[in-house]
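S.K.: Spelled out from the first residue to the last, the chains are:
There are 2 protein chains.
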Amino acid sequence: MKSYATMTKAELLAEKEAVQLQYDAAKALKLKLNMARGKPGKEQLDLVSDLLTVLNDPADCIVDGIDARNYGELSGLPCARTYWAELLGCKPSEVFVGGNASLSLMYSTIAKAWSFGLKDSEQPWCRYETVKFLCPAPGYDRHFRITQSFGMELITIPMTAEGPDMDLVEEYIKDENVRGMWCVPKYSNPDGIIYSDAVIHRIANMKPAARDFALMWDNAYCVHEFEGEFVPFEDILTLCREAGRPNMPYEFASTSKITFPGAGISVMAMSEENLAYMEKLLAVESISFDKVNQLRHVRYLRDKEGTLELMKRHAEILGPKFKMVLTILDEEIAPLGIAEWAKPKGGYFVSVNAMAGTAKRTLQLCKEAGVVMTDAGATFPYGKDPQDSNIRVAPSLPPVKELRQAMEVFSLALRLAALEKLLAE
Amino acid sequence: MKSYATMTKAELLAEKEAVQLQYDAAKALKLKLNMARGKPGKEQLDLVSDLLTVLNDPADCIVDGIDARNYGELSGLPCARTYWAELLGCKPSEVFVGGNASLSLMYSTIAKAWSFGLKDSEQPWCRYETVKFLCPAPGYDRHFRITQSFGMELITIPMTAEGPDMDLVEEYIKDENVRGMWCVPKYSNPDGIIYSDAVIHRIANMKPAARDFALMWDNAYCVHEFEGEFVPFEDILTLCREAGRPNMPYEFASTSKITFPGAGISVMAMSEENLAYMEKLLAVESISFDKVNQLRHVRYLRDKEGTLELMKRHAEILGPKFKMVLTILDEEIAPLGIAEWAKPKGGYFVSVNAMAGTAKRTLQLCKEAGVVMTDAGATFPYGKDPQDSNIRVAPSLPPVKELRQAMEVFSLALRLAALEKLLAE
Numbered sequence: 005m006k007s008y009a010t011m012t013k014a015e016l017l018a019e020k021e022a023v024q025l026q027y028d029a030a031k032a033l034k035l036k037l038n039m040a041r042g043k044p045g046k047e048q049l050d051l052v053s054d055l056l057t058v059l060n061d062p063a064d065c066i067v068d069g070i071d072a073r074n075y076g077e078l079s080g081l082p083c084a085r086t087y088w089a090e091l092l093g094c095k096p097s098e099v100f101v102g103g104n105a106s107l108s109l110m111y112s113t114i115a116k117a118w119s120f121g122l123k124d125s126e127q128p129w130c131r132y133e134t135v136k137f138l139c140p141a142p143g144y145d146r147h148f149r150i151t152q153s154f155g156m157e158l159i160t161i162p163m164t165a166e167g168p169d170m171d172l173v174e175e176y177i178k179d180e181n182v183r184g185m186w187c188v189p190k191y192s193n194p195d196g197i198i199y200s201d202a203v204i205h206r207i208a209n210m211k212p213a214a215r216d217f218a219l220m221w222d223n224a225y226c227v228h229e230f231e232g233e234f235v236p237f238e239d240i241l242t243l244c245r246e247a248g249r250p251n252m253p254y255e256f257a258s259t260s261k262i263t264f265p266g267a268g269i270s271v272m273a274m275s276e277e278n279l280a281y282m283e284k285l286l287a288v289e290s291i292s293f294d295k296v297n298q299l300r301h302v303r304y305l306r307d308k309e310g311t312l313e314l315m316k317r318h319a320e321i322l323g324p325k326f327k328m329v330l331t332i333l334d335e336e337i338a339p340l341g342i343a344e345w346a347k348p349k350g351g352y353f354v355s356v357n358a359m360a361g362t363a364k365r366t367l368q369l370c371k372e373a374g375v376v377m378t379d380a381g382a383t384f385p386y387g388k389d390p391q392d393s394n395i396r397v398a399p400s401l402p403p404v405k406e407l408r409q410a411m412e413v414f415s416l417a418l419r420l421a422a423l424e425k426l427l428a429e
Numbered sequence: 005m006k007s008y009a010t011m012t013k014a015e016l017l018a019e020k021e022a023v024q025l026q027y028d029a030a031k032a033l034k035l036k037l038n039m040a041r042g043k044p045g046k047e048q049l050d051l052v053s054d055l056l057t058v059l060n061d062p063a064d065c066i067v068d069g070i071d072a073r074n075y076g077e078l079s080g081l082p083c084a085r086t087y088w089a090e091l092l093g094c095k096p097s098e099v100f101v102g103g104n105a106s107l108s109l110m111y112s113t114i115a116k117a118w119s120f121g122l123k124d125s126e127q128p129w130c131r132y133e134t135v136k137f138l139c140p141a142p143g144y145d146r147h148f149r150i151t152q153s154f155g156m157e158l159i160t161i162p163m164t165a166e167g168p169d170m171d172l173v174e175e176y177i178k179d180e181n182v183r184g185m186w187c188v189p190k191y192s193n194p195d196g197i198i199y200s201d202a203v204i205h206r207i208a209n210m211k212p213a214a215r216d217f218a219l220m221w222d223n224a225y226c227v228h229e230f231e232g233e234f235v236p237f238e239d240i241l242t243l244c245r246e247a248g249r250p251n252m253p254y255e256f257a258s259t260s261k262i263t264f265p266g267a268g269i270s271v272m273a274m275s276e277e278n279l280a281y282m283e284k285l286l287a288v289e290s291i292s293f294d295k296v297n298q299l300r301h302v303r304y305l306r307d308k309e310g311t312l313e314l315m316k317r318h319a320e321i322l323g324p325k326f327k328m329v330l331t332i333l334d335e336e337i338a339p340l341g342i343a344e345w346a347k348p349k350g351g352y353f354v355s356v357n358a359m360a361g362t363a364k365r366t367l368q369l370c371k372e373a374g375v376v377m378t379d380a381g382a383t384f385p386y387g388k389d390p391q392d393s394n395i396r397v398a399p400s401l402p403p404v405k406e407l408r409q410a411m412e413v414f415s416l417a418l419r420l421a422a423l424e425k426l427l428a429e
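Here the protein sequences come in this chain order: U and C. All residue numbers for the first sequence refer to my numbering, where the first residue is 5 and numbers rise by one. All residue numbers for the second sequence refer to my numbering, where the first residue is 5 and numbers rise by one.
Please note that a few of the clues may not be correct.
Pairs involving identical chains hold if they fit within one copy or between any two copies, as the list cannot separate such chains.
[What the hints assert, rightly or not] List of simulated lysine to any residue pairs, SDA-like, C-alpha gap at most 20 Å: (1) K371 - R408; (2) K123 - I177; (3) K46 - P62; (4) K284 - R149; (5) K20 - E277; (6) K13 - V235.
Simulated from the structure, these hints should not be mistaken for lab results.
The shape of chain U in the complex, shown without the other chains:
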């Protein structure tokens, strides 16, 4: 195999003909494969079946004198707050345990900022002419969409190998209209990198002009290694407190990729002052979240140690899937010089940067051959990748055999799109 950049036009034409034949053959298989979302596979769901039966009778539902079945305890069961505090490295008094979706807690935080303002806001954000939000990209489309839906201006911050480009961030936050930033600090979505200590400390030490700047710290993959040992992380609440901006961070996590994706429990952690403020606003919309499910989770997962043990078993399922993706990319794409990617050891994605101008075409070819992937551009604000290059590969859902088929198609699509582009130039 030879790098496409070094090929003559004749060689490119011959290669295209060969790849087209293989692609057509794959297309004829009429596959129906899905790598669009970070959706755990059935094997992972079956792994945690004991969660279904951990609470069996009324006595099981009483904990610390609280009946988990009844109304009350807006911030969550004390045992659930303690569970999350240990996992995140913060204090139980800084923890609010929610329902099945951390996305809803993030939305709620932004929605409350919009309608009422945050703890340190001068006024509700909806009263400002302009609200800007920093979006390190490639990033998570659902984050961007929350802020976009409220009409905020999304500012793309390029991702580096260590996290968001902090030189740029530090420039932008001088603007008082810049009121927050989205972050996935560990196994970032989709790059799969862990923010470096230096970047994390620069983030915690930000002094944004906006006093109510919201650091949206989505620790979605905090214990989600699929290769190697658990990588400890610093508590962002402590770091920001020490840096003098205790009310800046809002941290989020969930068990969506620990137990059941659609029926787990979520958490948000923040300064006690922020929590007291948010509780007042949340008390208007809810008496309490599902504490029976909170208790189910605490009984089943026990604590950090129990959770990390379970994550090792998830890793046994996910590890081979990621290995398959990376091996095919290494063997079939790397020699051609038409794409680059990081090699994550955790999280749910592989982020492939294809030759500029070929991401959309690659995914169209995949789709036509029955392989659905995340839309091109989805990892950028407004769904628009200025380079038309980034592609998010989500290998968790298909079984390994199907995944191999899907990756073969993806690989052929990448090559065909690159060849079309090179030959058109």
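Dock chain C against chain U, hints included.
M.R.: Below, chain C without anything else, positioned relative to chain U:
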């Protein structure tokens, strides 16, 4: 026993001395009883324990080809939508099944109206100088608080024995700034009345000046008879459609008082057009609600028939509690002519209208004797009862024995407050 109104001052003084002695004796018992909220008692929670074990293994979690454990199906499991459609008398395609709290769905509807506008809105409600909301009172404090939290102007509509005063409502809705109304049509909170057919038809036929008027139809007690047979109700969606305003009603319900108060499932029903619009907004904040719990409920409750059977068993627990409340009121208060109340056959409350100017004092006396009840005024907009008269009695939580004690205290407090008032005049 003799009506207080007919007593001489000397008789009143003697009565006061006697009641004070009894009250002091009750106070000395240092009771700790709670009738503050419509919280089901432990016996009711234990009744539905099979809900905990209805899903036991992975195969149980698959329904209609959908794995309830995984992400997806924002509007809810099809079987859960069908379940609610039968219960409410609407179409599955008009049903959105949510998480554990219908309050959150109501909040969400108002919050989305505020930030984005509803289907037929010209602009988000936050852009209007004034937004007014009709609040039939006495009513549910948590309803009023949602609209109040967004700075809307709450307009009190007196409740009649047949529902809200519709003459007044029809006047108010000529004002375009009046954008909605709260209703609890069956066993209204707290009066426990069922809106008459005439009132329901007048409501469905309203032609509010505001095109995006939101009829917030909280059918919280739709199957909640504690005495007698199930009382059928008309489908508000059909009525409004037939009256030419299909997008006016938003109906809500939940299993909070059917299964577990804090861990049930909720529903909102609306026109298909409204639902399509709301789904787009809700998709920004959630991938899906807890479908495992939705499936648990459908498997456990089965259908309307199964649900009505269960409600009969709740009635066996609740009926005697309401009977106790009404008997004590009838025997100890009725002859004195110092309060009035309706005699509901369903719902969770007895609404007592004490002598004007004595509700607060009555509840203070209760509290000092260890009996906590809903705050005076809570049933009115802004928590202010202009008459200082309405008291919401919530007999569901305490066991019958404790309830008797609590009602004895309440009865003494009512009498003492009335005597104090009469003697001060």
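S.K.: Output the numbers, in ascending order, of every earlier hint that fails for this structure.
M.R.: 5 and 6
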